[in-house]
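Visitor: Two chains, two separate frames, one set of hints: put the complex together.
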Amino acid sequence: MSEVLMIDSVLLLLVAATAIAVVEVRSLYAAAMLSGIYSLLMALVWVNMHSMDVAFTEAAVGGGISTILLIGTLVHTEREEKKRKTRVNWGALLVTAMTGAALIYGTLDMPRFGDPNAPIHNLRVPEMVNQTVGMTAGAKGKQPPPVGWTPRQNLELPLGHKQAYAMQRAHATNEARLKEAGEGHGGHGGQKADGHGAEHEAGHDDAHAHPAGDFNGHVPNTVTSLLAAYRGYDTMFETAVIFTAGASLILLLRRRRRPGENLPKQQSANLTDQVILRVMCKLFIPFILIFGLYVISHGEIGPGGGFQGGVILATAFILYGLIFGRPELHRVLPERLTDILAVLGVLLYSGVGVFTMLRGGKFLDYAFLNPASPGDGEPLGMTLVEWGVGITVCTVMITIFNQLAEEESK
Amino acid sequence: MIPFNELITDNLPALVVVLPLLGGLLATLVGRFAWLWSTIITGSVFLLTYTLFTAVQAGPGMRYEFGNWPYLWGIEYRIDLLNAFILLVVSGIAFIATIYAKLSVEDEIPADRHNFFYSVWLLAITGLLGITITGDAFNVYVLLEISSLTIYALIAMGKDRDPRALTASLRYLILGSVGASFILLGIGYLLMVTGTLNMADMHAQLMAMPEATQNRTILVAFAFLLVGLSLKMALFPLHTWLPKAYTYAPSAVTAMVAATATKVGVYMAFRFLFTIFGYKFTFVDMPSYHILIICAAVGIIITGLTAIRQTNAKKLLAYSSVGQIGYIVAGFALANPQGVAGSLVHIFNHAAMKGGMFMALGAVAYRVGGTNMKDLRGLGKRMPLTAGCITAGALGLIGFPMTAGFISKWYLVQGALAGGSWLLAFTILFGSLLAVIYSWKMIEAMYFREPEGKTAEATEAPYMLVLPTMALIGLSIYFGINAEFTAGTALKAAAALLPGGVQ
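Chains as they are written, first to last, in my numbering: chain A, 1 to 410; chain B, 411 to 913.
So that you can see chain B by itself, here it is in the shape it has in the complex (with noise of 0.2 Å):
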């Protein structure tokens, strides 16, 4: 046996992910404590990535070779500073996302199923984690179909058995199984001509081949990634799973998936078009940037113009979910570091602010028992806490200075204009109007409205829900007042991934 301290050090990359599997499977045994047990395990992993963090952050990476078989043979975690970051925040999220689940989850599901929720829970947890930090691509997929399982089961479980929970959840499981298949392919594809799976060694391999862009199969996988991820992370057009499942999830499911699980998708695109197809082929080769900025930008106004007309707030952030997605795709679409910076930087800001707003209207629907406009009315008195969280998250997707959104928006409006797309600038500050105009519908119910039905008898939501929600919150102000540690993150690991870099 070796000792506690030398265990962790030896092993912490490994750690990040089998703690947290370990923890799933070990929830269906701890009885009535499962709450509790998810919470010291998200804690702790936690710990783990910030430790892991700051030694990245200090050293050139980290790798850990499972078994001990040579990275080009066997499986290695690769960690530098973009996953390391990406890390922190679904590790954060998570953890606080666990905290509030425990009055969410009483109020909303059985009480003899919690121990197989929060197995689950963490399992999906496990998987978001690993997609992150894992350096192959085959690992990818494996921890792929695990988040995806856990998410469309975890989503089905929406209030009282609602049937239209169940009918997104299975919507969100077929298209994301389809997204699966292609992106199985993509990568089945790539293992045919590259024969390996590693990814930096399918880089090299896909490097030293003379006619790589000219080779048929070569191409197609790229295209297949490119749809199959563009379904994971909600891409415009291919997002229609994703404001139904959102709205009808249990309230913890929906900030924890809203904050992480499209994000996650972000950086698999991150992985496959920057670390493996690299810089050259994808976005010089292939006419990649033009799809996706299309894409996003077509995105970003069609989804603000939807959200406007919603009545239901929850599925209202939905759509500006779809939204924001398409500000960080055509962030990272542009190359450029500005843009790539913006994009990792708005991965967080997002995260903090959109999982904060959903925890807050989670709250509004554990006090008033719905999250239509009508029940947000006269909210501002009522629930003065809640309804300040989800206007500070208002303001934020609006880009108002002080927020983390105008720390996001500022890199991607630079990015927009380094690459010389003034109409990409334009549509970004459009979506930005449009925002206001949705944020203002929820502003204008809360505060100029008068309270009604069981609004009016509202009282403040319990501090189990207030404060993990105020801290999201609380982050995403911070970040937009003090951007040193989330934008100089980005900015060096941008670097890194464009051309010139360090891989």
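Okay, chain A solo, but in the shape it has when bound (with noise of 0.2 Å):
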């Protein structure tokens, strides 16, 4: 048994003793605690998984700010669970061990668990990873493949170290190649492979730089590039997703207001006088935001991105909020605001989209939003979209804990 699976097993057992924990423990408060911990339980169980984003993604979400919310519905309800007789039923057992027998029947035919020969490994990924998508069948916008270039055939995935010194090799000679022909691909794109080749002759590795077989632009962080360039489409309507949780629970659980009455009433802000908590808190949440700006703006070199980074930005005015009262969190974030900034981070998503179109190329096509220089317009465009993204998951977070919050004080 090797060590990944070792672990794995350790992982998942504390996982599903977790997940019977939450389903048997009468107190709600900590079954809410609990399944922030089963959240951070899958996160390492991701992270054995090699897929830090994932990990990065349910630790934030699943562990930060789900736990919070749950917790802020405890408001309404009481903390323990109702006592009650309740009978087995049947029924409802047969088809829960149906289905789960289902699930279960169905793994036997899949490929096994990291297989580098599974087709969802072998069949597109391998473009992919060559960044050869895009650039035939004369597509408008992408970067046209440079004099001599060949995709890699047979790429073996997961790479491990030999393949990528090897593929380091290929680059390399590609790069002595192009340069014999004495000819580049034109403009700055040129230029960049130009500059690769020298950094690699002169021995320097920088793993965050630009790859040099990188001709459509793009970004070194293979998943954002998945999420946010070829099924940016998707992306754009998740953030949707989000922004209709928030719409929705304005629409439900907004207190009527009277004409010109903006600020919550609610005074009950009694963790003030907590002098540990507030000091506390004024530390930290400088930390908080400044690391959420950086997951956000991070997200196309490292893990992270606009979801992960717009949680953690919301868990700082959230914690805000706690410690100083909701009327204070009004003063530094006013509803109107927050409903504003949700509309414009997904406007701001479309908004790249549409400005493409009317450049003349598809919509998200990021190579028109710098025609001068095709292959650096996904970067940009990829920056954009996770702002939009994380203004948008911010706020709504924001909204949905005000929403929580606010219905208490009726």
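Among the hints, erroneous ones may be present.
Claimed, not checked - Output of the computed footprint for chain B on chain A, the stretches with three or more beta carbons under 8 Å from beta carbons of chain B:
| # | region |
| --- | --- |
| 1 | 66-78 |
| 2 | 225-231 |
| 3 | 244-255 |
| 4 | 283-292 |
| 5 | 320-334 |
| 6 | 338-344 |
To be verified - Calculated Cβ distances over 10 Å to all of chain B for the following chain A residues:
| # | residue |
| --- | --- |
| 7 | Asp8 |
| 8 | Val25 |
| 9 | Met33 |
| 10 | Val47 |
| 11 | Met52 |
| 12 | Gly91 |
| 13 | Arg124 |
| 14 | Val241 |
| 15 | Gly302 |
| 16 | Asp376 |
| 17 | Glu406 |
Calculated from the structure, these hints are not laboratory results. The beta-carbon is built from N, C-alpha and C at its ideal position, and this holds for glycine as well.
Guide: Okay, here's the thing in structure tokens:
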């Protein structure tokens, strides 16, 4: 048994134990905390699978904000589950057991865990890793392939150190061939490739640099590339889902405002006299904010992005609201402002799409953001849309917190 | 910058979904003009889908690759006659329902949240259109999330924070989420074995597998998708969320959702069963024919009987809707040209009839305050136009000649006979008999009883409510007399889905 599997087994056992505990405990407060622990354990499972972005999201959303919101709902319920005599519903149990059995039955013919020859790894992915997608069939926006460029065939995934080294070599030889041909691929891209060639020669290997074989201008983090470029259209609607959640809560839970009334009236900010909390909160908030901003703006380079960063930003504001009271939070970030920002975030995302359309490209064709060097449009466009996601996620989370807390004052 | 007309022609498929999305976002910022704004947006979307439909009707179909990524890697919209037709139906109903919504929303929703109501309303339309137009399996799921979330919220907005609307919405939310999870798991399992999310590519990969019907992962994916889709389209016995949700939702929401949401669910079933798994896998190798036909046939009879017992007209129509879904499912499960065409025609016909009838009941609620049978008494004298619309719609449900319902039943019975299923043909006709009984309950109350209570003082509903209602009912009668457009389109689209057709 490999180490990975051993760690996974232990983690998954803990996950199962936590899940059972969530169902079993009577205290809702404990259940909310346990669900946070469940998410953190799942985050570790994802880390073990090397999917840092998923782990990050799980930790920030599942472990962080969801727990806060679950505890927020406790304001309206009691802290203990009511004692009831429950009879076993055999029909429901049977359906659940059958569903579970079907799920397991379905895994029997799945490709083995981590199998490099699974269709998911070798059908479409090699071209993505090779950065040859979108250069063919006369696609308007994407950078043309350089002269003499041959896509790597039969790429084995996931890459071990040896393959990674071989790939670097392939890059280097390709650059060399390019230089021999004496022809760049026009404009900015050509200069870039040359620059990288020089770097290779000099032995500098900056892991964060724009990869040399990267003609579409893809960013180093393939996950972000997949989410914000190839499937950027889906991500736009995921952001719209977040907005929808906020709008629905406003629709359902917002107290009726009398004309002119804007501030929340509740004055029960009784945590303000807790000196330790106050001081620690003020100490923490700047760091949380900076970390949130960092995560949003570095999504295309490392793990993270708009969703995670937005949630982190929101926790800073929610923390402030918890300690200093909602009127104070409202003074910093008025309700009207969060409403508008939630809209503007999605508008920024879809606006990038509309802009590329107006420029003559397809919706969300980032290459049209900067016609002078289409390859650079991609990082730019992805940064813009990540900011759109971050703004919406952050403000909607604050809105959800506000709406959940508001009912109490009625 | 490119010229405006080029922008439209180049990006027509994208605009059909992007425009209502932008409209929904901006609806929160337009102040008092939210309704006007929504009407303009849905009207323009209808024009766009009409242009799209005519283009697809003339040509081989249309594709749009987002971000200019080749469709095997990115997300593409792929429009053929089938989804162009459904798009036209959804956007048309959405436009008419939005006009209707003005008074109904003013009556039922607190004024301080009209903006957010119309925002969520437009996003619901975005979701429904997005599911219909896309050629990407995961994109379906994302848009399904949007349409489901928005519809849960819209249903929960029942008049005066009616707790029954809230519980109905919660019930729908739980069951709908279970259904969506099954769909997501099904798509996930398929992705695992095919390595792609594009529908056409998925189909090609499945076809290329020598032992697809033996692969346990694919079998489970198929089963999960069938269950999830049945929940979403409210196929008996997975319809239990529907009656209360339709009954307690705001009038405009009931009209729009009843006419479009389950229909888009059926469209998803078309895409997954015919386009992704393909005719052979679904109907030759798998026992889906028997499962679907039995659910549909039992559903037609049981919901018909349940509808007869209802004392609330809205609930009666809701149960009738489940029965009508039975007809639609039975039609495509037959998997022969007449059956599939009957199913498609009925998607439109039922949307027009039921949408119109729910609008008429909304007008009754607007004037009388309720939709119980006793509120309908004597309505024929007090609100003749509204009562007339309900009657015409009811005739359609029965399948009376000269109504659209007759055309659907005609094709469905033909399909059942062509499939050699006498029992199903009999069930369809027996369902019509049940429809006669429950429709008669309403007609009798409206024309043969004396008005009492608030009905006695009621006057005809305002034109802003009556005209959209009459438009939908009028359509259902027009396409009952001249079904060349609907039936012709349906036959062509059905031929393309079945073996030998062009994909």
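Visitor: For each hint, tell me whether it holds in the structure or not.
Guide: Comparing the hints with the structure gives:
1. 66-78: Per the Cβ count (0), the hint is violated.
2. 225-231: Satisfied; 3 residues make the cut.
3. 244-255: holds (count 8)
4. 283-292: violated (count 0)
5. 320-334: Since 0 is below three, the answer is violated.
6. 338-344: holds (count 3)
7. Asp8: Correct as stated: the minimum Cβ-Cβ distance to chain B is 18 Å, above 10 Å.
8. Val25: Correct as stated: the minimum Cβ-Cβ distance to chain B is 21 Å, above 10 Å.
9. Met33: Holds, since 24 Å exceeds 10 Å.
10. Val47: holds (21 Å)
11. Met52: holds (20 Å)
12. Gly91: Holds: least Cβ distance 12 Å, greater than 10 Å.
13. Arg124: violated (6 Å)
14. Val241: violated (5 Å)
15. Gly302: Correct as stated: the minimum Cβ-Cβ distance to chain B is 23 Å, above 10 Å.
16. Asp376: holds (15 Å)
17. Glu406: Holds, because the least Cβ-Cβ distance between Glu406/A and chain B comes to about 14 Å, which exceeds 10 Å.
Of the numbered hints given earlier, the model fails hints 1, 4, 5, 13, 14; all others are met.
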